[in-house]
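Chains A and B are the protein sequences, given in the same order.
Letter by letter, the first sequence follows residues 1 to 455 of the working numbering.
Letter by letter, the second sequence follows residues 1 to 455 of the working numbering.
Calculated directly from the structure, the hints in this document are not laboratory data.
It cannot be assumed that every hint is accurate.
One copy or any two copies: either way a pair holds, since identical chains are not told apart in the list.
[Claimed, not checked] Think about it this way: if two alpha-carbon atoms lie no more than 25 angstroms apart in a straight line, the pair counts; the simulated DSS-like pairs of lysine-lysine are:
hint, residue 1, residue 2
1, Lys47, Lys423
2, Lys371, Lys386
3, Lys64, Lys400
4, Lys64, Lys125
5, Lys146, Lys248
6, Lys386, Lys374
7, Lys106, Lys423
8, Lys237, Lys125
9, Lys93, Lys305
10, Lys386, Lys235
11, Lys106, Lys308
12, Lys47, Lys146
13, Lys105, Lys37
14, Lys386, Lys93
15, Lys338, Lys312
16, Lys183, Lys72
Here is what each chain is made of, one letter per residue.
Number of protein chains: 2
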Amino acid sequence: MKIICLLAALFFTVSIHAQDDVVVFRNIANDILLNGKAYENLRVLTKNIGARLPGSPQQLKAEKETARMMKKMGADTVYFQECMVPHWVRGEKETAYTTLADGNKKTLDICALGNSVGTGINGIKAQIVEVGSWKELDELGEKGIKGKIVFYNVHFNQTHIEPWRGYTETTEYRWNGASRAAKYGAIGTMLRSLASNTDDNPHTGGMKYNDSLPKIPCIAVSAVDGDYLSDELRKRKTISIFFRTTCKTLPKVVGHNVIGEIRGSSNPDQYITVGGHLDSWDLAEGAHDDGTGCVQSMELIRVYKKLKIIPKNTIRIVLFADEENGGAGADKYAELAKQKNEKLLFALESDDGGFVPRAFRFNLEEGKIEKFRKWIPLFYPYGVYKFEEGEAGADIEGLKPLGAVIAGLYPDPQRYFDVHHSKSDVFENVNKRELDLGAISMAQLVYLVDKYGIE
Amino acid sequence: MKIICLLAALFFTVSIHAQDDVVVFRNIANDILLNGKAYENLRVLTKNIGARLPGSPQQLKAEKETARMMKKMGADTVYFQECMVPHWVRGEKETAYTTLADGNKKTLDICALGNSVGTGINGIKAQIVEVGSWKELDELGEKGIKGKIVFYNVHFNQTHIEPWRGYTETTEYRWNGASRAAKYGAIGTMLRSLASNTDDNPHTGGMKYNDSLPKIPCIAVSAVDGDYLSDELRKRKTISIFFRTTCKTLPKVVGHNVIGEIRGSSNPDQYITVGGHLDSWDLAEGAHDDGTGCVQSMELIRVYKKLKIIPKNTIRIVLFADEENGGAGADKYAELAKQKNEKLLFALESDDGGFVPRAFRFNLEEGKIEKFRKWIPLFYPYGVYKFEEGEAGADIEGLKPLGAVIAGLYPDPQRYFDVHHSKSDVFENVNKRELDLGAISMAQLVYLVDKYGIE
């Protein structure tokens with residue numbers, strides 16, 4: 001309620017914006033809706049190239065392709081920033097089953113989590129023990145867990161209006177579940193997929209090991225099979241599962257941030273960073289995560305050049321490497337910016353899916369957002385109605401300590417965790433108009449930040 | 001901008017709502033998100049029953065099934081209102097082709113428009129003449145049109161942020177295109193599908209004939225094939241198409257509005273009407289149009305009974321017959337209400353798809369909406385941020401002259417006209433959480449209207 005009242009106060013004190021801002025907003029929208037290339041570029045990224053796992057040939061292909069796209073759109077400069085990225089490979093298609101009461105096998109829909117070790121070609125088979133929290137895990141202890149496979153069955157809290165909260169509350173089980181179970185002697189873990197819906201698709205995602213503990217293989221299971229196993233456990237008390245994964249981590253390889261710039265007319269050495277991440281998990285096409293953020297960001301170059309919007313500061317579109325598996329690209333970008341003592345004014349990320357935009361989230365204290373809120377009436381006709389405090393995006397968080405104001409596009413969140421990191425994250429699940437509206441509001445916000453500054 | 005300032009003023013003068021409204025809002029949301037039956041009921045309507053064309057066996061089946069659902073949810077009364085509905089049938093699958101320059105045939109993705117006459121079993125074949133407006137049609141006149149098939153190639157204006165505007169601007173070509181072309185001697189018409197996207201699916205929808213003119217068959221063509229034909233016409237100047245449809249209109253049959261009520265505790269003879277339409281076009285499953293509105297409306301019964309919300313006025317859930325093909329159900333409901341001199345306080349319709357809610361639209365003069373706007377802060381955490389002037393819904397428009405305040409749920413509109421009246425309007429394209437959030441905001445609004453009244 002406090003936020004609403006603040007918002008209201010700002011509506012009230014809003015200065016009538018120069019008519020030319022209204023016109024520029026409209027021109028940006030018209031041009032993207034009629035001539036935008038974001039959707040076609042996304043088709044190329046997802047359908048022609050496909051999944052872009054860090055270290056994969058597809059990531060290198062996508063780097064070249066997006067550099068070509070930005071040149072074609074008229075970027076003044078296009079270049080690469082080299083960094084070393086992890087190179088985890090899934091190996092053969094994973095298999096898993098449980099044995100039914102009648103002795104028959106039931107196949108389970110699973111996938112290895114990113115960075116997991118494999119089981120070896122023979123797979124592993126053991127009783128599963130279900131836990132719903134760290135507390136339940138710790139209570140079972142070595143006695144209840146040793147030699148078994150821990151099944152983390154932690155559901156999204158569906159009563160959150162923002163599914164992000166469900167994800168935030170459960171991701172620690174994906175990141176840390178293997179090592180915390182290994183501490184008690186587990187031989188493997190299985191995670192209920194971190195998803196807002198209940199379907200047959202397992203959702204992958206990053207995990208990490210505590211190097212002081214045995215590295216045990218870990219998988220995600222679809223929500224449907226997670227429910228099935230949980231029901232069976234209630235009925236039969238003990239059940240076993242088998243799974244086999246051949247994933248492994250190879251030595252790091254070279255990857256790149258892909259950067260395209262429009263040179264600033266009056267302050268070419270002051271930078272506005274706009275980006276998404278080019279890498280993705282490997283089960284689908286990395287459409288919403290984060291092909292959409294990349295093509296939306298690149299669209300700024302096209303529309304500014306087309307409309308002859310000449311920014312005062314340099315607009316730097318950055319397609320980050322390796323957001324999904326450690327953030328090597330983001331680290332490299334921040335490291336080089338610091339090394340060169342670059343003046344980073346503002347950074348904007350789109351990494352919450354290509355859904356219809358609703359808001360921008362500023363990683364700023366509440367009081368400091370107010371000055372931006374006076375712009376909301378300009379955005380309102382385009383469906384963006386709030387600027388709120390929140391996380392800006394993993395790739396640009398490191399720019400805040402370097403002095404940048406950082407913000408993230410906040411699209412409608414309801415469908416994101418249905419597809420996130422699963423085989424549903426495909427081009428067909430992106431709507432062209434929703435994608436374009438996100439690109440429009442990003443181009444509009446950057447236009448204002450460039451024109452009026454951040455002070 | 002004016003609307004925003006009004007909104008801001010109201011935020012400012014908002015009285016802090018009784019904490020119990022906040023709690024009831026939360027309880028409604030929690031229960032629907034955790035225990036809601038809207039999605040499962042929609043599955044039954046779409047997958048078990050399917051398309052519900054007025055006059056079809058499926059419509060009758062859906063009437064029985066939804067009456068059963070409302071009884072099961074605890075409605076105090078469930079009954080039917082009989083009305084006579086049109087009975088148009090599509091007949092055999094339509095076929096159409098054009099002949100290529102090399103003499104080969106290219107199949108076209110088409111469908112008959114609702115109410116169209118058929119071509120007869122031999123089909124019709126003629127040159128097509130493309131027009132982009134009534135003006136172009138009239139300029140061609142009899143000389144340019146006689147003996148030909150008129151191809152209405154009127155695109156949605158993609159620059160509208162609200163696709164509804166694109167639809168509103170083009171529907172007259174669907175409703176009136178046949179007779180206006182017949183006036184100049186056309187033997188058939190083909191309409192570019194009224195759609196916001198460009199794909200292979202033809203979109204059907206209602207049309208009507210001027211009885212004083214010859215009734216000629218009319219079809220819709222997919223946007224992709226529409227573009228193809230338009231391109232070919234530019235290149236080859238004259239091209240012909242063949243199409244064959246066996247649709248026809250049979251005598252009217254009996255259909256029903258399905259009504260479920262929760263009796264009001266203090267004013268049982270004052271009514272709040274909440275509904276959607278049970279009928280649909282026949283190419284898919286009538287999921288977004290308007291299975292979602294039906295299941296969202298019915299959900300009010302379930303959640304009020306579950307939470308023991310006892311309304312002062314009678315809440316009447318109405319699943320209207322025949323919205324798509326003339327509105328016989330809406331007419332009957334209004335007629336009987338008038339006959340019985342019923343006190344209709346408020347009516348709410350959901351017929352814009354089961355997408356994430358953004359607003360309510362009140363069919364009221366701007367000044368009269370203000371009193372409702374003081375409730376917006378309650379809705380804001382659930383994603384509903386504006387109450388605006390607009391159409392409430394075809395099934396309840398007739399209740400305004402009877403004294404009811406009428407309003408419509410306004411979900412996000414970006415995807416609606418991709419699926420509307422086409423074979424894409426299926427259960428799989430409805431997201432459970434988006435559907436539930438619409439039901440939540442409807443149940444919340446009705447709760448406030450019942451509690452605080454409309455004066």
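Outcome of the hint check:
Proximity of Lys47 to Lys423 under the C-alpha cut-off of 25 angstroms is found in both arrangements, the shortest distances being 13 angstroms within a copy and 24 angstroms between copies. In this homomeric assembly, Lys371 and Lys386 come within 25 angstroms of each other (Cα to Cα) both inside a single copy, at 13 angstroms, and across copies, at 23 angstroms. For the identical chains of this complex, Lys64 and Lys400 are neighbours neither inside a copy (29 angstroms) nor across copies (60 angstroms), given an alpha-carbon limit of 25 angstroms. In this assembly of identical chains, Lys64 and Lys125 lie within 25 angstroms of each other by CA distance neither inside one copy nor across copies; the values are 43 angstroms within and 50 angstroms between.
With identical chains, the CA atoms of Lys146 and Lys248 are at most 25 angstroms apart within one copy only, with a shortest distance of 24 angstroms there and 71 angstroms across copies. With identical chains, the CA atoms of Lys386 and Lys374 are at most 25 angstroms apart both within one copy (11 angstroms) and between copies (18 angstroms). Taking the closest pair of Cα atoms, Lys106 and Lys423 come within 25 angstroms of each other only inside a single copy of the chain (21 angstroms); across copies the shortest separation is 34 angstroms, beyond that limit. Taking the shortest alpha-carbon separations for Lys237 and Lys125, only the intra-copy value of 17 angstroms comes in at or below 25 angstroms, while the best inter-copy value is 70 angstroms.
In this assembly of identical chains, the alpha carbons of Lys93 and Lys305 never lie at most 25 angstroms apart, being 45 angstroms within a copy and 49 angstroms across copies at closest. Proximity of Lys386 to Lys235 under the C-alpha cut-off of 25 angstroms is found in neither arrangement, the shortest distances being 48 angstroms within a copy and 49 angstroms between copies. Taking CA atoms no more than 25 angstroms apart as the test, Lys106 paired with Lys308 passes in neither setting, with 61 angstroms inside one copy and 43 angstroms between copies. Taking the shortest Cα distances, Lys47 and Lys146 never come within 25 angstroms of each other, neither inside one copy (44 angstroms) nor across copies (46 angstroms).
Within a single copy, Lys105 and Lys37 get their C-alpha atoms no closer than 48 angstroms, and across copies no closer than 33 angstroms, so neither meets the 25 angstroms cut-off. For a Cα distance limit of 25 angstroms, the shortest separation of Lys386 from Lys93 qualifies neither inside one copy, at 44 angstroms, nor across copies, at 48 angstroms. Proximity of Lys338 and Lys312 under a CA criterion of 25 angstroms is satisfied intra-copy only: 22 angstroms inside one chain copy versus 65 angstroms between copies. Proximity of Lys183 to Lys72 under the C-alpha cut-off of 25 angstroms is found in neither arrangement, the shortest distances being 53 angstroms within a copy and 50 angstroms between copies.
Checked against the numbered hints given earlier, the structure breaks hints 3, 4, 9, 10, 11, 12, 13, 14, 16 and satisfies all the rest.
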